[in-house]
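Participant: Chain by chain, the residues run as shown.
Protein chains: 4
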Amino acid sequence: MVRIEDDVQNPVTTALTDVLTTVRESTTDGEVADYIPELMLADPDHFGISAAGVLGRIYHAGDCTARFTIQSVSKPFVYALALSDLGADGVGARVGVEPSGEPFNAISLDERGRPANPMINAGAIVTTSLVTGSDKDERFERIRAQLSRFAGRELELDTAVFESEKATGHRNRALAELTLAAGVLGSGVDDATEPYFKQCSLLVDTTDLALMGATLANGGVHPLTGDRVVEEWVARDTLSLMLTCGMYDRSGDWIFRVGMPAKSGVGGGIVAVTPGQFGIGVFSPRLDRAGNSSRGVAALRMLSQHFGLHLLDHPQLPASPIEGILVRDEGESIIVRLRGEVNFVAAEQIVHEAIETVRRPADGILTLDFTSVTRVDQMAARLLLATVAEARANSFEIAFDDPSGVMFAG
Amino acid sequence: MVRIEDDVQNPVTTALTDVLTTVRESTTDGEVADYIPELMLADPDHFGISAAGVLGRIYHAGDCTARFTIQSVSKPFVYALALSDLGADGVGARVGVEPSGEPFNAISLDERGRPANPMINAGAIVTTSLVTGSDKDERFERIRAQLSRFAGRELELDTAVFESEKATGHRNRALAELTLAAGVLGSGVDDATEPYFKQCSLLVDTTDLALMGATLANGGVHPLTGDRVVEEWVARDTLSLMLTCGMYDRSGDWIFRVGMPAKSGVGGGIVAVTPGQFGIGVFSPRLDRAGNSSRGVAALRMLSQHFGLHLLDHPQLPASPIEGILVRDEGESIIVRLRGEVNFVAAEQIVHEAIETVRRPADGILTLDFTSVTRVDQMAARLLLATVAEARANSFEIAFDDPSGVMFAG
Amino acid sequence: MVRIEDDVQNPVTTALTDVLTTVRESTTDGEVADYIPELMLADPDHFGISAAGVLGRIYHAGDCTARFTIQSVSKPFVYALALSDLGADGVGARVGVEPSGEPFNAISLDERGRPANPMINAGAIVTTSLVTGSDKDERFERIRAQLSRFAGRELELDTAVFESEKATGHRNRALAELTLAAGVLGSGVDDATEPYFKQCSLLVDTTDLALMGATLANGGVHPLTGDRVVEEWVARDTLSLMLTCGMYDRSGDWIFRVGMPAKSGVGGGIVAVTPGQFGIGVFSPRLDRAGNSSRGVAALRMLSQHFGLHLLDHPQLPASPIEGILVRDEGESIIVRLRGEVNFVAAEQIVHEAIETVRRPADGILTLDFTSVTRVDQMAARLLLATVAEARANSFEIAFDDPSGVMFAG
Amino acid sequence: MVRIEDDVQNPVTTALTDVLTTVRESTTDGEVADYIPELMLADPDHFGISAAGVLGRIYHAGDCTARFTIQSVSKPFVYALALSDLGADGVGARVGVEPSGEPFNAISLDERGRPANPMINAGAIVTTSLVTGSDKDERFERIRAQLSRFAGRELELDTAVFESEKATGHRNRALAELTLAAGVLGSGVDDATEPYFKQCSLLVDTTDLALMGATLANGGVHPLTGDRVVEEWVARDTLSLMLTCGMYDRSGDWIFRVGMPAKSGVGGGIVAVTPGQFGIGVFSPRLDRAGNSSRGVAALRMLSQHFGLHLLDHPQLPASPIEGILVRDEGESIIVRLRGEVNFVAAEQIVHEAIETVRRPADGILTLDFTSVTRVDQMAARLLLATVAEARANSFEIAFDDPSGVMFAG
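Residue numbers (this note's numbering), protein chains in the order written: chain L, 1 to 410; chain S, 411 to 820; chain C, 821 to 1230; chain E, 1231 to 1640.
There may be inaccurate statements among the hints.
Here are the simulated lysine-lysine pairs, DSSO-like style, with alpha carbons at most 30 Å apart [said to hold, decoys possible]: (1) L:K136 - E:K1366; (2) L:K166 - E:K1366; (3) C:K986 - S:K576; (4) L:K136 - E:K1396.
Honestly, the hints are just simulated from the structure, not real lab data.
Start from the sequences and build out the full structure, keeping to the hints where you can.
Facilitator: The following block contains the structure:
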């Protein structure tokens, strides 16, 4: 695998660098995590951003080779592994998907004893325990291998951090005992907590996080290796979870201000995803009160605002999907040239403005030309096909000219 | 205003009818709300669906003329009005945006005394109190007028329901008193609760809900009347809120299974939105334990699954944005025909595959032909423009042929 | 009624004065309540103690004529009135008796919708609503009359405080609405809150509080007026409640350090009771963080420690209840002189050491002489009578010489 | 040590038997604890009561030789040991004394991380961890030895129950981890939980519980062995705790209906204490929903009501402490014969009715005859001595005739 390092002159790189420079000046608060000594060694001024597109190009700004422990950023990816191993119902029986409005270390067990969601520690420990593995070593090795596939390279353990996490992880062990008592832990306590402490201690850099996010953005397929890391439904469920629960008790505010599925860790890393487009990895070890990277949050907020990355940003109506109508053979052949992405709204336009309008005068063939069409949504395709069927029933012929086969690609 | 009633043969209508028929058979549980006598009068077998596209077409299935009280479905629309009146900061100082993981009538005040979000009753009462109005009557009249603009017709009050809500609304008055005591209520108790009880008692049908949703889907502009009901940012913030908090303590599950911003009410109505495409209104008064319409939830789940409406469904990569490359004038003029919607990923492809590849051999003019392009994203436009600027700096000319002006429409 | 004002030379007065002087120097923290302007007018240096014995003598130290609003000190006395009106089951159906471990204004409703106990505001509002009365005025007048009987003089309303409490009592009205919604409020909201705000605004001094406590200490009979204000069981239940719930979330600590049933109010007053002996009233408006009078708490703690008033202080074993044994008539008549209070342990001693030991040699009459006995407990009397019955069954005669009739007074 | 087994004809035994018979018929609900298999082996119909007086006599009814595991009844006694080892402040820094209103297994940590009280599991585990011991074995051995001293015989471990508690004790280990994380656990997790599981698995019968309670009733001295097991203040603090927190979330109700410090365990045992008089042990393995022995609760409620054992029962005023006044030597010598227990109220009477009344006519000696007095309270003694001092200052002589020395025994 080759990582394409772009010229620093690249405009995307320039944009990332601008954001980084601005945020470095405007955001100076936050403290490095101090609950274990190893995390306190982090250089508080490290700050890097990487973005990886689903086509495999990667852009960087700042300290992108600095390594840090992945910490809670591992949670959605291990959740994805548990989903792959057990299916949605198997995992759903043990851990919920509801935002709890509570901090990461809350003891939020619902009436069935399930942790509220896999992003709080209690839930993450349960999802770790659900990963298939005959013992804690095999379980961790599967987790490490899977996260490595998401990153596209072999991730390594920071042994010192792991030992320290393990030595001070009383509350996490308590959460494991509680979920075991509640009947939802999938293994013994140590068989869950040790792999959990280890998964949190895997070393990554912002490129890794960007590619892990890009793999989710790409429906589960790694943009560079081409490896199908998880099924498409797993990628979607994982992004759903990141959307509602990724930023702890700031998740609602996050959707308002950033609007991208994301997950942060106390190591200072954040992964964010623009579905279908790219993954972003940010690293800055200064944390705000909620335990999220201060500069990371500021950078993603700025990126979202400047580049319109919010999931619910109003997509302006595209230009009409009908590029032109050609009448040939004295009206017996009518060609409607379509263009762009044909979603339901576009299909509606095609049906109403082209077909229904046109068919009345014409007795010949109506041809829909899809040459300039780049995609046809499922619902749009259904509408078009149903209309064609109805037209045929009325002895009205409609033909498709679709050299790229976009009509049936969905 | 004319409402376009489509032929029942329309394939969209057929699809809605299929969903309705299936759900009517498969989902028979749930009870009509009984906390006030008026709601118990609802026919439990009423069931209707309407869908309104952003271009103004409306499709129906089932009991679409049955009227019912809007109840909590009013909450996001009144929130939108408060946002318009006070701005995001003004409202945010009084009510949060975090999902609480709690039922609709929970007393969830945060450390600043703010209700967790505007979808639980406490928060909705606060947002109602924030609507500008010199007294409770003026406040309600502004709310009624605004919701009428969202619907595109004058909505009327069900006086009997209002009187009953008012007579039994002790808990809601308690929430008003608590928020007043906490310093976040924007008015006196009665000046908040009476308009609140009234807004809940407005009569709507599924067409109204579909159009209210479509107005949000359309960035705040009503699809039929063309009225800009709210600013685009208000529509986005309202959809953000519906996404995380719309379905009470089932909001997480809702995102997993349906993935559309939505809001339900105990009257049996649900509004759901596919941003940029359409709004859906469903009505069936049988409620599940969480207080959401059983059949409404089932119908929206089926619609989402069958038609790929989930916000995070992996958008398959469109066909390449480069439809073709024409070399003319012995290589001195190269025309790159683009097509479809050019988002960041597409722009990346254009830069890397067309411009960078092509410019090396060419000394002449490179023309990007946008004739078949339907939209250019903000981030894509930035990337393209920056590339052009860089090319020019390197004495390499790039021209745009953009007859529809899509390049600068964002 | 005459209040006996003791000579300042009285040693009890001296002791109270010593405590007052010591506490005034050692305890200088705490702030006057400031949630309404009227309470802020209190002189923070006012400090007084009164103690009233069940025989009607009253001792004073400090500012004992300063009047202040009774505030939450009214709660147990209104609870006692509600118990008298509705009985224990009638009140128990609407409000619990469990300490909640929460502050006074907590919203602690149990699974049946009942406030945790009548000492938190929610519970106090419910008990007020349960007092018989055709409207809010009659209800308040009954409360005022009853508290006046507890005090032994007509208590008056501080109208300014009442108006202020009413104007700012949003949270309390919220609690009333919530309990009304839960079905446990005994009246309409205003019919509960207005008498509640008024009962809190009754003016008292430390003598009043001491006599109100002494009435409870005396089983419900006022020591001076002789008025049976409440039944004995009502006095006991009221003291039980004060014991577990009287000092809000400091109630457990209170039992450890003071060990007397008590109740405090934000006006700066505290009433404390030594069952069977006396009531104490303290007033100092400086409040600690839990809302209890700082100096009042310190004074009662010192009084408890110095004078052994803790309810669970180990009562040293009294001297043997057998003062002497007289053998007369050549052993045919044996007189056992008893003394003191004969509780179960003493009765055990009498049975085992006197009767069982003595009866073997004697065939004549055994006389138990109760002349110096001051009281015989119920359980002791049962034991003695059963023993006598058994002795008679064995043809062994036991006679009682009980000039004061203490044996059958229980 | 000899245990005195009384004749079944003894009236106390008869009373206990009556209660047992009545409760056996009236109370048939409740289920044997089933969370570990060993407890399910208990015979649900076993039912026994023992009462042990502070003078060492023991009374029995029913199945008093059946052994069962002490379970949570151990908690107050281990708390007493921790108090002895660390002092009140040392223990108070790690665990609170506030009733939590929550079930036994609640996670109630206060803002300082302390469990609410030592009666919920979290608090009991902390107190166990505070018992001095170099390792878990030494810690348990000290606990076992101390509880044996309370019982007056060597208690033994039920190994099978211990192993089962340990194997299933996930929630308790979780509580230990949480308190360790909060910094209040006094040892490692296993060093706290293993002695905790073992202390719960000690085998006792109702005689043991009665004597353990009697030792607390007796101020810390075992009634039979004479062993001072704990200091008097420790006994008092332990009883204070049992009073407010002994019956979990039914503690408030318990004080209302029974009014004795008590502690129950899921093994079916309950210990209850009448301070200064006796301890009661009850055993019946059928548990109510709160986890207390159904028949045990019913029996103690009946005993309290029938024999007036409620701590706050209104003690009727004793007969006057003045048995008679003898005037001798032509008025120059006046002898006031006192009797009974002289508490503050009695001392008040003596001062006011005897001394103050008498001294005016007399110039000679006033003698207070304490021959028939069985006890003088601390506060009463202070009042009398202060009065004497004042009298002497006024050249008025008062003499004491106190053959038993009760005046200075306090």
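Participant: All the hints need checking, so say for each whether the structure fits it.
Facilitator: Results for each hint:
1. L:K136 - E:K1366: Satisfied, since the Cα-Cα distance of roughly 28 Å is no more than 30 Å.
2. L:K166 - E:K1366: Holds, because 22 Å separates the two Cα atoms, which is no more than 30 Å.
3. C:K986 - S:K576: Answer holds: K986 of chain C to K576 of chain S is near 22 Å, not above 30 Å.
4. L:K136 - E:K1396: Cα-Cα ~22 Å, so holds.
Checked against the numbered hints given earlier, this structure breaks none of them.
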